[in-house]
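*Asks:* The lines below spell out each chain.
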Amino acid sequence: MTTIAPRPCSLCLEIDPDPQEFRRASAWLRTAGASLGVPEEQIDRLELCLNEVLANLVEHGGDALECHPIQLELAASALPSGFDVHLVVSDRGEPFDSGQASPKPLPGSLEEARPGGLGLRLVKAFSDDMVYRVLEGRNELRISINWTPRS
Amino acid sequence: MALVFQGLLNHQDLSEELRRIWLAGRMDMIGVGEIELPFTALAASRPVAVLVDLTGVSFLASVGLRCIIQSAKALDLKGGRMALLVGDNPLVSGTLETVGIAAIIPIFSDEDAALESLRAPAT
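Each protein sequence line maps, in turn, to chains A and B.
So the first sequence is numbered by this note's numbering: it starts at 315 and just counts up by one.
So the second sequence is numbered by this note's numbering: it starts at 1315 and just counts up by one.
In short, the hints are calculated from the structure, not lab data.
In this text, all values refer to a predicted model and were calculated from it rather than measured experimentally.
Ideal Cβ placement from N, Cα and C applies to all residues, glycine included.
It is possible that part of the hints are untrue.
[Stated by the list, open to error] Partner residues are not named here, just some residues of chain A that face chain B (Cβ under 7 angstroms, in silico): (1) A389; (2) A427; (3) P429; (4) R435; (5) A439.
[Claimed, not checked] SDA-like cross-link-like pairs, simulated, lysine to any residue; straight-line CA separation at most 20 angstroms: (6) K438/A to R1380/B; (7) K438/A to A1416/B; (8) K438/A to L1405/B; (9) K1392/B to E426/A; (10) K1387/B to L420/A; (11) K418/A to L1332/B; (12) K418/A to S1329/B; (13) K418/A to R1380/B; (14) K1392/B to E425/A; (15) K1387/B to A389/A; (16) K438/A to P394/A; (17) K1387/B to P419/A; (18) K438/A to R456/A; (19) K1387/B to S423/A; (20) K438/A to F1373/B; (21) K1392/B to A1434/B; (22) K438/A to R428/A; (23) K1387/B to G431/A; (24) K1392/B to R428/A; (25) K438/A to A1434/B; (26) K438/A to G1408/B; (27) K1387/B to R456/A; (28) K1387/B to D1424/B.
When you get a sec, could you build the whole thing from the sequences and use the hints?
*Replies:* Pasting the structure below:
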């Protein structure tokens, strides 16, 4: 497989905190990722992370989230060891550091399986790094995915 | 035996004891919202073996996984059992592996193996 270096640039989108907006966000991510030169399989990973983070925000973000748009920023860059694409999700919902939260243990049987907690496990598994901070009253979650020309 | 078309959700009773359900498209919040009720009704209404065919699913989020797990649990309580068919869909199979679904619902990439497993007596 051949991989070209992504173009250093960043692209932004604002969406309402509404599940009806998730597909618009996904479509933007795929278009923006392609325009930055991010390989499709890395965009697939990031798209799943984006959907899980947005779903978590809508479910747990609280009343404050509803009055303010969610801001998305996608940027790609070259690293010494490969390439990086990162997505920043910024919102005014309830603070939640998903990078520090632990996913529930995997169930050993169907009886033990409980709904919930799967999204966080997926984001942690499909991303390479998550950094959370609060900046000027907004939560910022930066999700990074790295790849090498052969990965 | 008729194949019932309902857009993102189709099903066919292969026998009295074996039902196949096809899911297709994006299993995100919108997609799952559209199929959750009919899927649960089809998957968990009778104590039968149910093959859920995910080969046509282009995107599987945790909300879709929850829907499948809850239906599998309901089916199990009724005395039935479920298996998942993923074919060569790497995104879906990767998502299923990440959350450890294989430990609770059998996953197959081969259709014949999946059907054979469900036709075999429950152990």
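*Asks:* Would you mind confirming whether the straight-line C-alpha gap from K438/A to R428/A stays at or under 20 angstroms?
*Replies:* Measuring from Cα to Cα gives roughly 19 angstroms; hence the hint holds.
*Asks:* Are the Cα positions of K1392/B and R428/A separated by 20 angstroms at most?
*Replies:* Measuring from Cα to Cα gives roughly 18 angstroms; hence the hint holds.
*Asks:* Would the hint linking K438/A and P394/A be met if the CA-CA limit is 20 angstroms?
*Replies:* violated (23 angstroms)
*Asks:* Starting from K438/A, check that the Cα of A1416/B is at most 20 angstroms away, please.
*Replies:* holds (19 angstroms)
*Asks:* Is K1392/B close enough to E425/A, meaning Cα to Cα at most 20 angstroms?
*Replies:* Holds - the C-alpha atoms of E425/A and K1392/B are around 13 angstroms apart, at most 20 angstroms.
*Asks:* Please verify whether K438/A and L1405/B have alpha carbons no more than 20 angstroms apart.
*Replies:* Distance of about 16 angstroms is within 20 angstroms: holds.
*Asks:* K1387/B and L420/A were given as a pair; does the straight-line alpha-carbon distance stay at or below 20 angstroms?
*Replies:* Roughly 16 angstroms between the alpha carbons, so the hint for K1387/B and L420/A holds.
*Asks:* Is K1387/B close enough to A389/A, meaning Cα to Cα at most 20 angstroms?
*Replies:* Judged against 20 angstroms, a Cα distance of about 41 angstroms means the pair is violated.
*Asks:* Hint check: K1387/B vs D1424/B, CA-CA at most 20 angstroms. Holds or violated?
*Replies:* This hinted pair is violated, its Cα atoms lying about 23 angstroms apart.
*Asks:* Does the interface hint hold: is A439/A within less than 7 angstroms of chain B, judged Cβ to Cβ?
*Replies:* For A439/A, the interface hint holds, since the closest Cβ of chain B sits about 4 angstroms away, which is under 7 angstroms.
*Asks:* So, as I understand it, the hint says P429/A touches chain B; can you test that by seeing if any CB pair is closer than 7 angstroms?
*Replies:* holds (5 angstroms)
*Asks:* Does E426/A sit within 20 angstroms of K1392/B, going by the straight-line distance between their CA atoms?
*Replies:* holds (17 angstroms)
Hints 1, 11, 12, 15, 16, 25, 27 and 28, counting from the list given before, are not met by this structure.
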